[in-house]
Amino acid sequence: MEILIYGAVTSAIYALLAVGFTLIFGVARILNLAHGSFYALGAYGTYVLTSIVGLPLWSAALIAIAFVAVFGVVVEKVLIRPLRHSQLGVLMISLAVALVVEQTLFLVFGSEYRNVPSFVDTKINLGGVDVAGQRLLTLAVASVAIGALYMFIQFTRLGSAILAISQDPEAAKYMGIPSDKIFSLVMAISAALAALAGVMAGPFLSVQPSMHLLPIVKAFAIVVVGGLGSIPGSIAAAFLLGYAETCVAYLISSSWTEIVSVLATLLMLVFRPAGIFGKRAAF
Amino acid sequence: MTHALLEVKHLDKHFGGLHVLKDINITVQEGEIVGILGPNGAGKTTLFNLLTGFIPADEGQVLLRGKSLREMRSNDIVGLGVARTFQLCRPFVGLTVLENVLVGSLGPRVKTDDIGARAMHLLDQVGLVGKAHTASELLSYGDLRRLEIARALATDPELLLLDEPFAGLGSSEIEALSELIRKLHREQKLTIMLIEHKLREFMQLVSRVVAIDFGEVIAEGVPADIVNNPRVIEAYIGRQNPLEQTQHA
Amino acid sequence: MKAFRGLDSISVAGGLGALAFLGFLPTLFPGKYLIGVLTVAAIYGIWSVSWDFMSGLTGRENFGHSLFIGVGAYTAGFLNVQFGWGPWWSLPASMVVAAFFGLILGFPTLRLRGPYFALAMLSAAVIMQRLMLIFWEFTGGEEGIQDITPLIKDPLHYYWFVLALLGAITWFLAWMARSRWGLILRAIRGDEATCLAAGLPITTYKIASLIISAAFAGLGGALYAHYQLQVSPQLFAVVTSITIITMVYVGGMGTIFGPVGGALLLTLMTEGLRNFGEWRLMVYSLLLIFILFFLPNGIVAPTWNKIRNLFSQERP
Numbered sequence: 001m002e003i004l005i006y007g008a009v010t011s012a013i014y015a016l017l018a019v020g021f022t023l024i025f026g027v028a029r030i031l032n033l034a035h036g037s038f039y040a041l042g043a044y045g046t047y048v049l050t051s052i053v054g055l056p057l058w059s060a061a062l063i064a065i066a067f068v069a070v071f072g073v074v075v076e077k078v079l080i081r082p083l084r085h086s087q088l089g090v091l092m093i094s095l096a097v098a099l100v101v102e103q104t105l106f107l108v109f110g111s112e113y114r115n116v117p118s119f120v121d122t123k124i125n126l127g128g129v130d131v132a133g134q135r136l137l138t139l140a141v142a143s144v145a146i147g148a149l150y151m152f153i154q155f156t157r158l159g160s161a162i163l164a165i166s167q168d169p170e171a172a173k174y175m176g177i178p179s180d181k182i183f184s185l186v187m188a189i190s191a192a193l194a195a196l197a198g199v200m201a202g203p204f205l206s207v208q209p210s211m212h213l214l215p216i217v218k219a220f221a222i223v224v225v226g227g228l229g230s231i232p233g234s235i236a237a238a239f240l241l242g243y244a245e246t247c248v249a250y251l252i253s254s255s256w257t258e259i260v261s262v263l264a265t266l267l268m269l270v271f272r273p274a275g276i277f278g279k280r281a282a283f
Numbered sequence: 284m285t286h287a288l289l290e291v292k293h294l295d296k297h298f299g300g301l302h303v304l305k306d307i308n309i310t311v312q313e314g315e316i317v318g319i320l321g322p323n324g325a326g327k328t329t330l331f332n333l334l335t336g337f338i339p340a341d342e343g344q345v346l347l348r349g350k351s352l353r354e355m356r357s358n359d360i361v362g363l364g365v366a367r368t369f370q371l372c373r374p375f376v377g378l379t380v381l382e383n384v385l386v387g388s389l390g391p392r393v394k395t396d397d398i399g400a401r402a403m404h405l406l407d408q409v410g411l412v413g414k415a416h417t418a419s420e421l422l423s424y425g426d427l428r429r430l431e432i433a434r435a436l437a438t439d440p441e442l443l444l445l446d447e448p449f450a451g452l453g454s455s456e457i458e459a460l461s462e463l464i465r466k467l468h469r470e471q472k473l474t475i476m477l478i479e480h481k482l483r484e485f486m487q488l489v490s491r492v493v494a495i496d497f498g499e500v501i502a503e504g505v506p507a508d509i510v511n512n513p514r515v516i517e518a519y520i521g522r523q524n525p526l527e528q529t530q531h532a
Numbered sequence: 533m534k535a536f537r538g539l540d541s542i543s544v545a546g547g548l549g550a551l552a553f554l555g556f557l558p559t560l561f562p563g564k565y566l567i568g569v570l571t572v573a574a575i576y577g578i579w580s581v582s583w584d585f586m587s588g589l590t591g592r593e594n595f596g597h598s599l600f601i602g603v604g605a606y607t608a609g610f611l612n613v614q615f616g617w618g619p620w621w622s623l624p625a626s627m628v629v630a631a632f633f634g635l636i637l638g639f640p641t642l643r644l645r646g647p648y649f650a651l652a653m654l655s656a657a658v659i660m661q662r663l664m665l666i667f668w669e670f671t672g673g674e675e676g677i678q679d680i681t682p683l684i685k686d687p688l689h690y691y692w693f694v695l696a697l698l699g700a701i702t703w704f705l706a707w708m709a710r711s712r713w714g715l716i717l718r719a720i721r722g723d724e725a726t727c728l729a730a731g732l733p734i735t736t737y738k739i740a741s742l743i744i745s746a747a748f749a750g751l752g753g754a755l756y757a758h759y760q761l762q763v764s765p766q767l768f769a770v771v772t773s774i775t776i777i778t779m780v781y782v783g784g785m786g787t788i789f790g791p792v793g794g795a796l797l798l799t800l801m802t803e804g805l806r807n808f809g810e811w812r813l814m815v816y817s818l819l820l821i822f823i824l825f826f827l828p829n830g831i832v833a834p835t836w837n838k839i840r841n842l843f844s845q846e847r848p
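Protein chains in written order, with this note's numbering: chain P, 1 to 283; chain V, 284 to 532; chain C, 533 to 848.
By construction, these hints were calculated from the structure, which means they are not laboratory data.
Glycine included, every Cβ here is placed at the ideal spot set by N, Cα and C.
Hints are all accurate, no fakes.
To be clear about the criterion: a stretch of chain V counts as covered by chain C if any three or more of its residues have a C-beta under 8 Å from a C-beta of chain C, and this derived list gives those stretches:
| no. | stretch |
| --- | --- |
| 1 | 361 to 375 |
| 2 | 389 to 401 |
| 3 | 428 to 441 |
Here are some chain V residues pointing at chain C (derived, C-beta under 7 Å):
| no. | residue |
| --- | --- |
| 4 | S357 |
| 5 | N358 |
| 6 | V386 |
Quick list of simulated restraints, FRET-style, between CB atoms:
| no. | chain 1 | residue 1 | chain 2 | residue 2 | range |
| --- | --- | --- | --- | --- | --- |
| 7 | V | E354 | C | L800 | 47 to 57 Å |
| 8 | P | D168 | C | E674 | 46 to 56 Å |
| 9 | P | S210 | V | G300 | 42 to 52 Å |
Take the sequences, apply the hints, and build the full model.
What follows is the structure, encoded as structure tokens:
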């Protein structure tokens with residue numbers, strides 16, 4: 001039972017991270033290695049706004065997410081877009097950004113773990129298991145956010161534009177869809193989702209400058225397994241991976257958990273590069 | 284029994300639900316110039332991709348002098364003497380014209396020691412020798428086509444597959460390229476298969492035409508007969524009729 | 533007519549001159565500190581050159597080069613400490629083991645497009661790092677393997693040895709790069725399908741170049757192990773790979789000799805920034821961004837080419 005609940009929570013966080021990552025890839029073909037930094041900045045932003053500036057948690061969280069969204073848009077416009085002709089250049093520069101962010105956080109806050117306050121402090125008993133309320137809230141919020149995103153893409157004009165660009169950027173341009181603006185919008189959404197994950201998970205996951213690394217490895221693993229550019233694929237793979245990790249952690253040992261995702265990536269890339277749902281293969 | 288140079292038997296290919304090539308049968312004798320004619324989407328380039336091993340066939344046989352080419356890797360097929368050009372010119376970015384041809388000279392069929400001289404000779408034949416040290420990205424479209432051909436020739440092929448060599452060229456360039464192909468056919472004793480949908484130049488260049496539409500062979504014969512073939516005419520009605528190009532152009 | 537340029541005499545002269553200069557430096561400024569810095573710089577040079585041969589020429593950037601380095605270093609550590617072999621065995625052994633990893637990793641990953649290959653290699657390096665920690669009973673965990681015996685006790689002589697190896701490796705790889713190997717690798721960068729159409733077995737060449745790259749990286753790792761006299765999982769870190777890539781960018785991708793200059797420059801710069809302590813990684817990252825935008829051809833190689841053109845103009 002514990003595995004069921006904790007697995008769900010982990011999967012929810014991974015889903016938030018993976019969906020944003022796959023979204024910006026699907027639309028703009030950008031493998032954004034700074035995605036983890038959005039996650040980190042969401043957590044750190046909330047921390048700063050609550051402990052140092054003294055804002056109430058809700059507003060701190062919202063402002064932090066908004067800030068990260070803007071940051072993401074700026075990074076994309078200023079640093080990534082000029083290098084778009086080279087996929088590897090984009091990789092390098094997003095990695096450089098991630099490292100700069102990490103170093104800045106390290107220099108400003110030091111390497112100790114920081115405390116991001118929880119929205120919900122109580123423990124709830126679910127099926128005989130005591131679960132932190134915050135974790136359940138994370139699960140709920142993640143589901144709502146992803147659900148909202150899905151409806152946005154399926155049922156609005158802007159959403160259709162995003163789908164069009166992800167299928168064929170050139171053709172979309174000829175139809176008058178302003179791809180540059182859409183890229184910014186998608187980046188904002190992607191960053192916001194990652195920041196949201198940071199805000200919600202910060203209270204119970206570690207908050208320190210190098211926290212951006214694992215989410216990137218996991219997000220990449222999930223997106224490869226689920227299929228690059230496919231949102232349903234990312235969600236499915238997020239659950240697969242989340243549960244796989246939780247099972248491994250409970251049944252074998254927690255130090256093996258990262259290996260699961262990295263191994264899954266490698267195996268998937270080798271045997272089925274298109275992922276489970278992917279249409280675009282990695283080669 | 285002497286085999287024809289190339290025999291294609293019952294070649295069949297699906298892309299998902301789309302039946303792209305249906306039971307294709309073609310025979311090419313040594314020394315011929317055969318044209319593959321068909322409107323866009325007929326499956327011509329797919330045919331070339333199947334012949335050269337870039338895509339696997341679902342069914343059927345491809346025999347080069349009786350030897351099956353199916354299941355072979357594309358670079359090994361080149362090693363047997365089948366070379367191709369691409370519809371969209373693909374020079375090696377970052378390499379000079381000469382280096383492009385040198386790369387083609389590194390295959391197993393080339394036995395000479397001095398591949399540099401051989402490459403220059405090939406460039407001379409296609410008329411690019413003056414641009415040997417130019418970056419390949421800087422070439423004009425017509426020159427890129429010549430480079431494609433030189434690079435294909437560098438592999439020392441017996442059978443040369445040209446995919447829409449005249450696409451995007453003006454009429455004088457087409458004349459010149461046509462003359463080059465004829466010259467190479469004579470001097471190198473090459474067998475050539477040519478895809479095009481510009482019928483006029485085609486007709487003067489090829490000895491035999493295989494017409495394809497919607498993945499099927501709809502007609503086969505000398506150019507003069509194909510032009511009057513009702514099924515061929517029907518395939519082109521509604522699309523730009525290349526037969527009328529000469530009259531209304 | 534010669535098809536392949538080969539190494540021209542000016543370049544060889546320049547290379548030998550640079551080597552001689554580097555060899556003499558410690559006698560001008562004696563002291564263990566400088567020798568240590570230069571030794572590390574030379575080893576980074578070997579790592580950078582090995583990376584450039586595969587990734588610089590084919591354009592397939594390998595984000596997991598640290599895996600081959602770590603594997604070579606740990607081989608040296610195991611043989612020397614766990615099995616008690618003499619230190620000189622480390623050199624060939626590290627090359628063989630690293631080459632082996634190049635082979636088994638190359639097969640599945642090299643058919644992937646650029647960024648996916650990069651990230652697959654990155655993942656592999658991360659796995660190796662975790663494995664070193666998980667199997668701590670064998671590998672010594674966080675602390676790694678200690679008390680490795682040095683190859684050559686005198687630091688100056690060891691430095692010259694490493695420098696000589698750097699020179700030999702650079703010369704060899706530069707020669708390969710200007711031979712048909714290099715042409716094929718650059719053609720693979722241009723267009724793989726067209727390479728196939730030209731009759732070349734590109735998979736063989738890609739894997740072979742990765743194996744060569746891995747072998748020399750592993751050798752560098754062993755040299756590093758016998759310098760530091762210990763190995764730790766930190767060797768597998770992403771930072772190492774990124775540092776090397778930055779060095780290659782600074783030096784000039786695909787030029788082979790450029791990355792050596794890049795390695796030297798950056799190692800010296802890092803030492804010079806020692807006072808900045810924690811700012812070093814930041815400066816590196818900012819430098820990388822700067823170079824990606826403004827100097828995509830690097831600094832060392834274009835500068836050398838200008839100097840070289842001056843010389844060749846003076847010839848009749």
